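Engineer: Here is how the chains run, residue by residue.
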Amino acid sequence: DVKVTQSSRYLVKRTGEKVFLECVQDMDHENMFWYRQDPGLGLRLIYFSYDVKMKEKGDIPEGYSVSREKKERFSLILESASTNQTSMYLCASRPWDSRDQPQHFGDGTRLSIL
Amino acid sequence: QQQVKQSPQSLIVQKGGIPIINCAYENTAFDYFPWYQQFPGKGPALLIAIRPDVSEKKEGRFTISFNKSAKQFSLHIMDSQPGDSATYFCAAILNNDMRFGAGTRLTVKP
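The listed protein sequences correspond, in order, to chains A and B.
Residues are numbered in the numbering used here as their position in the first sequence, beginning at 1, plus a constant of 11.
Residues are numbered in the numbering used here as their position in the second sequence, beginning at 1, plus a constant of 2.
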């Protein structure tokens, strides 16, 4: 069974701080994703990565960056946190050859920026 | 732009009822349509999925109906139970482009 683990369930940070959200998957999936989830807006893609050191912008990349130094780990970075980045952040993974396999999600990190 | 529109936003049914959640998509190139179930404090979990060459798929009490010409698909939950109370998301996928609906909060009353 696929396991996607997000390092923190809850985080509270201050405006202007640099924030790191970590995600690890144990199924050797090539593709990894970061979403944010807000009420009434569903899930919106921030960034995704299809290989080590590769990344692609999603729909809302502004204010975020990502790092993928190892295949199993995908990090989301808030360069200078702002209050409008308070949200639930979800990491997901998916194999490269994934025609009939949607993404597998972690349990999320609820981030509050004060 | 919202490529997948989901309705209703919330839904309350009695135990044993059949809640129906609807989704409509715009891009005819989408080729896979999953539904996710999310409980509070948990990430979305895959519930059931369908390809556009199939009009209906059943897994247990969950059924997807798919209307390719109308670009619509829906989730039906038979004999709903209080344990089905959760938020449900539809999605549409093309390669690594996965678009989600806004979600439906379902409450099943005992």
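Don't read these hints as lab results, they were simulated from the structure.
Keep in mind that this is a model prediction, so the values were computed, not measured.
Ideal Cβ positions, reconstructed from N, Cα and C, are used throughout, including at glycine.
There may be inaccurate statements among the hints.
Now the stretches of chain B that chain A is said to cover, found in silico as 3 or more residues with beta-carbon under 8 Å [to be verified]: (1) 57-66; (2) 96-102.
Taking lysine-lysine and the BS3-like style, the derived pairs with C-alpha atoms no more than 30 Å apart in a straight line are [said to hold, decoys possible]: (3) A:Lys64 with A:Lys24; (4) B:Lys17 with B:Lys111; (5) B:Lys7 with B:Lys111; (6) B:Lys59 with B:Lys73; (7) A:Lys66 with B:Lys44; (8) A:Lys68 with B:Lys17; (9) B:Lys59 with B:Lys44; (10) A:Lys68 with A:Lys29; (11) A:Lys29 with A:Lys64; (12) A:Lys14 with A:Lys29; (13) B:Lys60 with A:Lys66; (14) B:Lys60 with B:Lys111; (15) B:Lys44 with A:Lys64; (16) A:Lys82 with A:Lys64; (17) B:Lys111 with A:Lys68; (18) B:Lys44 with B:Lys60; (19) A:Lys14 with B:Lys59; (20) A:Lys66 with A:Lys14; (21) A:Lys14 with A:Lys64; (22) B:Lys7 with B:Lys60; (23) A:Lys24 with A:Lys81; (24) A:Lys81 with A:Lys14; (25) B:Lys60 with A:Lys24; (26) A:Lys81 with B:Lys44; (27) A:Lys66 with A:Lys82; (28) A:Lys68 with A:Lys81; (29) B:Lys59 with A:Lys68; (30) B:Lys44 with B:Lys7; (31) B:Lys17 with B:Lys60; (32) B:Lys7 with B:Lys73; (33) A:Lys24 with A:Lys82; (34) A:Lys81 with A:Lys29; (35) B:Lys7 with B:Lys59; (36) A:Lys14 with B:Lys44; (37) A:Lys82 with B:Lys59; (38) B:Lys60 with A:Lys14; (39) A:Lys29 with B:Lys111.
Engineer: Next step is simple, just say for each hint if it's right about the structure.
Structural biologist: Evaluation of the provided hints:
Restraint check on the segment 57-66 of chain B versus chain A: 0 residues with Cβ-Cβ distances below 8 Å, three needed, restraint violated. Here's how the segment 96-102 of chain B fares: 3 of its residues keep a CB closer than 8 Å to some CB of chain A, so the rule of at least three is met and the hint holds. This hinted pair checks out: A:Lys64 and A:Lys24 have alpha carbons roughly 27 Å apart, not beyond 30 Å. For the hint linking B:Lys17 to B:Lys111, the alpha-carbon distance of about 6 Å falls within 30 Å, and the restraint holds.
For the hint linking B:Lys7 to B:Lys111, the alpha-carbon distance of about 26 Å falls within 30 Å, and the restraint holds. Restraint check for B:Lys59 and B:Lys73: the C-alpha separation of about 16 Å stays at or below 30 Å, so the hint holds. Proposed proximity of A:Lys66 and B:Lys44 is supported: the alpha carbons are some 26 Å apart, at most 30 Å. With a C-alpha separation of about 43 Å, the suggested pairing of A:Lys68 with B:Lys17 is violated against the 30 Å cut-off.
Distance check on the hinted pair: B:Lys59 and B:Lys44 sit about 26 Å apart at the alpha-carbon level, within 30 Å; holds. For the hint linking A:Lys68 to A:Lys29, the alpha-carbon distance of about 19 Å falls within 30 Å, and the restraint holds. Distance hint between A:Lys29 and A:Lys64 is fulfilled; the C-alpha atoms sit about 21 Å from each other, no more than 30 Å. Of the supplied pair hints, the one linking A:Lys14 and A:Lys29 holds, its CA atoms being roughly 27 Å apart against a limit of 30 Å.
Using a Cα cut-off of 30 Å, the hinted pair B:Lys60 and A:Lys66 is violated, with the two alpha carbons roughly 36 Å apart. Proximity of B:Lys60 to B:Lys111 is assessed by CA-CA distance (about 24 Å); at most 30 Å being required, the pair is judged to hold. As the CA atoms of B:Lys44 and A:Lys64 are separated by approximately 28 Å, the hinted pair is consistent with the 30 Å bound. Restraint check: the Cα-Cα separation between A:Lys82 and A:Lys64 comes to about 9 Å, which is no more than 30 Å; the hinted pair holds.
Between B:Lys111 and A:Lys68 the CA atoms are separated by roughly 42 Å; this puts the pair beyond 30 Å, and the hint is violated. The suggested pairing of B:Lys44 with B:Lys60 holds, with an alpha-carbon distance near 24 Å, which does not exceed 30 Å. Proposed proximity of A:Lys14 and B:Lys59 is supported: the alpha carbons are some 26 Å apart, at most 30 Å. A threshold of 30 Å between alpha carbons decides the hint, and for A:Lys66 with A:Lys14 the separation of about 21 Å falls inside it, so the pair holds.
The straight-line distance between the Cα atoms of A:Lys14 and A:Lys64 is roughly 22 Å, inside the 30 Å bound, and the hint therefore holds. With a C-alpha separation of about 22 Å, the suggested pair B:Lys7 and B:Lys60 falls inside the 30 Å cut-off, and the hint holds. Between the alpha carbons of A:Lys24 and A:Lys81 the distance comes to roughly 26 Å, so the proposed pair stays at or under 30 Å and holds. Our distance criterion of 30 Å between C-alpha atoms is met by A:Lys81 and A:Lys14, whose separation comes to about 16 Å.
A hinted pair counts as satisfied when its Cα atoms are at most 30 Å apart, and B:Lys60 with A:Lys24 does not qualify at roughly 45 Å. A distance of roughly 25 Å separates the Cα atoms of A:Lys81 and B:Lys44; the hinted pair therefore holds under the 30 Å criterion. Our distance criterion of 30 Å between C-alpha atoms is met by A:Lys66 and A:Lys82, whose separation comes to about 12 Å. For the hint linking A:Lys68 to A:Lys81, the alpha-carbon distance of about 19 Å falls within 30 Å, and the restraint holds.
For the proposed pair B:Lys59 and A:Lys68, the alpha carbon gap of about 34 Å is over 30 Å, so the pair is violated. Taken as a hint, the B:Lys44 and B:Lys7 pair is honoured in the structure, with Cα atoms around 23 Å apart against an allowance of 30 Å. The suggested pairing of B:Lys17 with B:Lys60 holds, with an alpha-carbon distance near 20 Å, which does not exceed 30 Å. Between B:Lys7 and B:Lys73 the alpha-carbon distance is near 11 Å, which keeps this suggested pair within the 30 Å criterion.
Among the hinted pairs, A:Lys24 with A:Lys82 is consistent with the structure: their alpha-carbon atoms are about 28 Å apart, no more than 30 Å. About 21 Å separates the Cα atoms of A:Lys81 and A:Lys29, which keeps this hinted pair within 30 Å; it holds. As the CA atoms of B:Lys7 and B:Lys59 are separated by approximately 21 Å, the hinted pair is consistent with the 30 Å bound. About 13 Å separates the Cα atoms of A:Lys14 and B:Lys44, which keeps this hinted pair within 30 Å; it holds.
Of the supplied pair hints, the one linking A:Lys82 and B:Lys59 is violated, its CA atoms being roughly 34 Å apart against a limit of 30 Å. Pair hint B:Lys60 plus A:Lys14 holds up; C-alpha atoms about 26 Å apart against a cutoff of 30 Å. Restraint check: the Cα-Cα separation between A:Lys29 and B:Lys111 comes to about 44 Å, which exceeds 30 Å; the hinted pair is violated.
This entry does not satisfy hints 1, 8, 13, 17, 25, 29, 37, 39, going by the numbered hints stated previously.
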